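**Q** Same order as they appear, the protein sequences are chains A and B.
Counting in this note's numbering, the first sequence runs from 1 upward without gaps.
Counting in this note's numbering, the second sequence runs from 1 upward without gaps.
Just so you know, these hints were derived from the structure itself, not from any lab.
Since the model is a prediction, treat every value here as computed from it, not as a measurement.
Each hint should be verified, as a subset may be incorrect.
Same chains, same label: a pair holds when it works inside one copy or across any pair of copies.
[Stated by the list, open to error] Straight-line Cα separation of at most 30 Å, BS3-like style, residue types lysine-lysine; simulated pairs:
(1) K429 x K172
(2) K139 x K218
(3) K520 x K578
(4) K365 x K516
(5) K181 x K511
(6) K23 x K524
Below are the chains, spelled out letter by letter.
2 protein chains.
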Amino acid sequence: MNKLTGSMNVENVINSALAYSLKVMEKGHSPFEKAIRTMEVPACDAFLTLGTLAPVTFVPGTKVLEPNREIADSFPNSIAASENRILSAGDAMTAKVSRKRVAVLFSGGPAAGGHNVVTGLKQILGSDNTLLGVKAGPKGLLTGNMFEITDEHVQQIMNTGGFNFMGSDRTKIEKPEDIDKVKTVCREHGIDAIVIIGGDDSNTNAALLAEKLFSGVKEDGSGVQVIGVPKTIDGDLQHGDELPISFGFDTATKIYAEEVGNILRDTASSLKYWHFIRLMGRSASHVTLEVALQTHPTIALISEEVRECNITLAEIVDSIANTVIWRAKKGMNYGVVLVPEGLIEFIPGFTTMIDDLNDKMAQFKDELGGKNIREQLLFMYSKLTQSHGELLESLPDSIKYKLMADRDEHGNLPVSQIETEIMLSDAVKAKIIELDATVKFASLNHFFGYEARCGASTVFDSSYTYNLGATAGSLILDGRTGYMASMTDLDNGAKPLGIPIASLLDIEIRKGKPAKVIEKALVKLDSPAFIYFESRRRLWAENDLSNSPGPIQLWGPTSRQLPKTVALNREYQSLDFKFNTALEGNLP
Amino acid sequence: MNKLTGSMNVENVINSALAYSLKVMEKGHSPFEKAIRTMEVPACDAFLTLGTLAPVTFVPGTKVLEPNREIADSFPNSIAASENRILSAGDAMTAKVSRKRVAVLFSGGPAAGGHNVVTGLKQILGSDNTLLGVKAGPKGLLTGNMFEITDEHVQQIMNTGGFNFMGSDRTKIEKPEDIDKVKTVCREHGIDAIVIIGGDDSNTNAALLAEKLFSGVKEDGSGVQVIGVPKTIDGDLQHGDELPISFGFDTATKIYAEEVGNILRDTASSLKYWHFIRLMGRSASHVTLEVALQTHPTIALISEEVRECNITLAEIVDSIANTVIWRAKKGMNYGVVLVPEGLIEFIPGFTTMIDDLNDKMAQFKDELGGKNIREQLLFMYSKLTQSHGELLESLPDSIKYKLMADRDEHGNLPVSQIETEIMLSDAVKAKIIELDATVKFASLNHFFGYEARCGASTVFDSSYTYNLGATAGSLILDGRTGYMASMTDLDNGAKPLGIPIASLLDIEIRKGKPAKVIEKALVKLDSPAFIYFESRRRLWAENDLSNSPGPIQLWGPTSRQLPKTVALNREYQSLDFKFNTALEGNLP
Chain A
1 MNKLTGSMNV
11 ENVINSALAY
21 SLKVMEKGHS
31 PFEKAIRTME
41 VPACDAFLTL
51 GTLAPVTFVP
61 GTKVLEPNRE
71 IADSFPNSIA
81 ASENRILSAG
91 DAMTAKVSRK
101 RVAVLFSGGP
111 AAGGHNVVTG
121 LKQILGSDNT
131 LLGVKAGPKG
141 LLTGNMFEIT
151 DEHVQQIMNT
161 GGFNFMGSDR
171 TKIEKPEDID
181 KVKTVCREHG
191 IDAIVIIGGD
201 DSNTNAALLA
211 EKLFSGVKED
221 GSGVQVIGVP
231 KTIDGDLQHG
241 DELPISFGFD
251 TATKIYAEEV
261 GNILRDTASS
271 LKYWHFIRLM
281 GRSASHVTLE
291 VALQTHPTIA
301 LISEEVRECN
311 ITLAEIVDSI
321 ANTVIWRAKK
331 GMNYGVVLVP
341 EGLIEFIPGF
351 TTMIDDLNDK
361 MAQFKDELGG
371 KNIREQLLFM
381 YSKLTQSHGE
391 LLESLPDSIK
401 YKLMADRDEH
411 GNLPVSQIET
421 EIMLSDAVKA
431 KIIELDATVK
441 FASLNHFFGY
451 EARCGASTVF
461 DSSYTYNLGA
471 TAGSLILDGR
481 TGYMASMTDL
491 DNGAKPLGIP
501 IASLLDIEIR
511 KGKPAKVIEK
521 ALVKLDSPAF
531 IYFESRRRLW
541 AENDLSNSPG
551 PIQLWGPTSR
561 QLPKTVALNR
571 EYQSLDFKFN
581 TALEGNLP
Chain B
1 MNKLTGSMNV
11 ENVINSALAY
21 SLKVMEKGHS
31 PFEKAIRTME
41 VPACDAFLTL
51 GTLAPVTFVP
61 GTKVLEPNRE
71 IADSFPNSIA
81 ASENRILSAG
91 DAMTAKVSRK
101 RVAVLFSGGP
111 AAGGHNVVTG
121 LKQILGSDNT
131 LLGVKAGPKG
141 LLTGNMFEIT
151 DEHVQQIMNT
161 GGFNFMGSDR
171 TKIEKPEDID
181 KVKTVCREHG
191 IDAIVIIGGD
201 DSNTNAALLA
211 EKLFSGVKED
221 GSGVQVIGVP
231 KTIDGDLQHG
241 DELPISFGFD
251 TATKIYAEEV
261 GNILRDTASS
271 LKYWHFIRLM
281 GRSASHVTLE
291 VALQTHPTIA
301 LISEEVRECN
311 ITLAEIVDSI
321 ANTVIWRAKK
331 GMNYGVVLVP
341 EGLIEFIPGF
351 TTMIDDLNDK
361 MAQFKDELGG
371 KNIREQLLFM
381 YSKLTQSHGE
391 LLESLPDSIK
401 YKLMADRDEH
411 GNLPVSQIET
421 EIMLSDAVKA
431 KIIELDATVK
441 FASLNHFFGY
451 EARCGASTVF
461 DSSYTYNLGA
471 TAGSLILDGR
481 TGYMASMTDL
491 DNGAKPLGIP
501 IASLLDIEIR
511 KGKPAKVIEK
521 ALVKLDSPAF
531 IYFESRRRLW
541 AENDLSNSPG
551 PIQLWGPTSR
561 QLPKTVALNR
571 EYQSLDFKFN
581 TALEGNLP
């Protein structure tokens, strides 16, 4: 690659004034990145009652969570301390708490706003306490890989996207020897508290750590506090008014909405494509639902509805094919179908059928060898359990062939690797040919995913995370452990809360075994967000009512809107959020 | 899909104040879309010399283009009229031109700013002339499918993305019978001029139409004027200072830069992935070069360099693998590789080798039948031409297998359908295992494409296209035909130009036949943009100097920057653009 020929012009170019100014922009110094670092973030009322930023104390509120009995027995320290009560912000903290050493880490996939959790935490702890950043996620907590976070760091990371300030990983600290390692690191580094910024699994892990480090960690017999902060772009870590949404969801869905909105304009411009778009978001369909409310696509599938209403894959394909045909008759040979990443797992019987198919294909490898694919299928119907055989038989041919063909070197077809959007568009194509071969149907497939985890945070996510950080810091200074920082009333002053994490846990079957975990919040069919979606989707399918809501704006008249699903589900009056009731108008 | 159970809550939700306000936002009425419609767009100095918006006259400038002799013979009317001279803006037009009927259409793939070409055109034509919109592209010109564009339409589409106002298609009007159809439609609708908004091929088509409609179309013997407007996100329609860039390039590259910048933050957060990202842009690598200058990825491949420096696929793979290994030794197990869409065609000998392989695989189908893939390859080496056999043999195994395996029902492997990013990441993986199996390498692949063609236009693209529309309208009112509207001096008042299109044509081999076309502008290795890139890329590969330039901002301090490639190549002093020297500061 070093074959470039020289040029007379080289010196002139690289020494020009413009080249100089471009070089100065490197390493996160684009005009945009420079400008967002100095944008002011509003602290909410609770942190400003003394006129300047100050931590709050907490008092047990009236709301009591009801943990699973078996869980309660496993978290005796945490449950006894919290009595399952959610903490509300009380008065400003007047007692001076100093010399606390707090470690903070990112856990799991990145989400916009993580950096502002750190800046809020650092500023509420103030100069009397020390904040340590743990490098490369929970793994760094096992090895004591950490550094002191300074005010200069805060300036550098304020409002920026990504978890790159410290890095992240997916290490789970569960085994007794790992918990011992954490205790040792805490003693060696004099750590009094740990803040874990993560999703449902990371907060489950935080609950366990809080319980195990409750006391007897330090030489004086004291414990180490553990506080969780709710992060995930998937939106599946939420809990009613107490936890309206995890951070990162707003930024990610607005990035996807920008992309999907642009594609919707493209379909109505090119007039010849159906776009099948798979959206990141693991199991739950919150992301797809939010993006649908932002953009009004022709069709948006919601996994939870598929499961609860027992909708088969064949019915999904039929429904899309019929919409394509209906629109074609009206001269609209185009559209957009949103497919949630987790759809496959929600199709009744699909996951267990695939497992059964993997097993039986390995078992009857020799018998399958001489057969063509139709013969193979006929053979397999009888070898699978009756319900699995019937399910496989009911699928569109194109999907059957795909399921028979794609096997990794171990003979498996991992459900997560099925490109659902391609499978669906292929099946829809086959169905349309069957129903009406005169209908034109050209499809393009997309997966929108990683580009939305590390965007610069929206004004909402920046504000929310800064205040979540301040809440986490306040919980620590108030001596609490085993709580998740949260906020309620996002439309009216955003009040800090502490949710006892152990009280959120339940028994869930994971990889065939019962596990004590925070249950993933799924889209509820009786939630206002779904009900509203359901009331509009037919109109969206039959007309061009789409929006292209545009790129996230940090300045100007359109920079402040809550996720629509959150505003609907919390029954807010509008999409406006307000972290500080004293501030007027479009801030910052 | 109509199995939804009822809910007590339904009436409350769909009749809520919030639900009402959400419904009002449908059909392009999101807060963002509403706000951009009312943003003011600056007309450039030339259109404001009378104090109010007014068309300009044109005068032949000193710059003379030198057309291919053979071309000149085919465009006698156009060349005689233009004398190959570029037109510069002269005085404001004082003569009143009225009752002209102008048709405007979109041709080819959509690009941001198309709607503002229409708004600029409409406003410069004023109420004394009539603007007709042709529906669904050039096809609509053959059938007379058009409607009158009103001031209300202008309000509705101002600054919005997409070509959805009228639609587009890829019909080429070349055959004599099609040109006759256009003549008939012009007579029937009383059309005096046609504006074609399109890329290189569409402007080639505009040149042909201008020549054929030069005279004798109307009953009085007069002709129909044809004016082109340079559109394409690919940036391959540009011509020195006379045509600094096509519209849509700025918006598209800034959308890709947002996505790539976010992925760069993601790699430095997750610390474990190499992302291979293929970027739209057909043959030329302008898009990839611009995105590289915006984001500073670990590696960006430039097709034109590959061809000119005769870099083999094996060398590309080696180079990437060695960078991966080098970074791994420094603890950086992550990175981003940008791959231009057209790369494959630029690898020496690759395209003809694939054609040869398709042919010979069909020819020797029976002989290949009983062989395993290694035996098939050995067999094919001897059947291809010597140079093709050697090229195939030199490729990484993973690529060889792919080339042998993937055939469509006609036995072809269309080069354009090779997912280059997947091919490269597979080959790099194999190479790393060969060179140093201890190096961790996990890759993710992406194609960023359609989501960037219909974004809301950047302030630059909005301003540029509005003024291109005003330029096209002025050329018409000044009685010109066969010109492409353009602007020069984008950093200092942006002066309107008319470029004689026929003078830009050259003979190029397309699908094996010589064709008279506008030559696609490729990245020049001696251009300032490439030289600057070349001077920085090693630093980018070895360090984390990346930017995440963020979503396009329409308001605020960062809404106004030219594409970096354009500013460098035009030797501007900064990234600032200025369409109107009287306006100060950050406008609009």
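**Q** Run every hint past the structure and note whether it holds.
**A** Results of checking the hints against the structure:
no., hint, in the structure
1, K429 x K172, "between (43 Å within a copy, 28 Å between copies)"
2, K139 x K218, "within (21 Å within a copy, 79 Å between copies)"
3, K520 x K578, "within (27 Å within a copy, 52 Å between copies)"
4, K365 x K516, "neither (39 Å within a copy, 58 Å between copies)"
5, K181 x K511, "within (27 Å within a copy, 67 Å between copies)"
6, K23 x K524, "between (50 Å within a copy, 21 Å between copies)"
In this structure, the one hint that does not hold is number 4.
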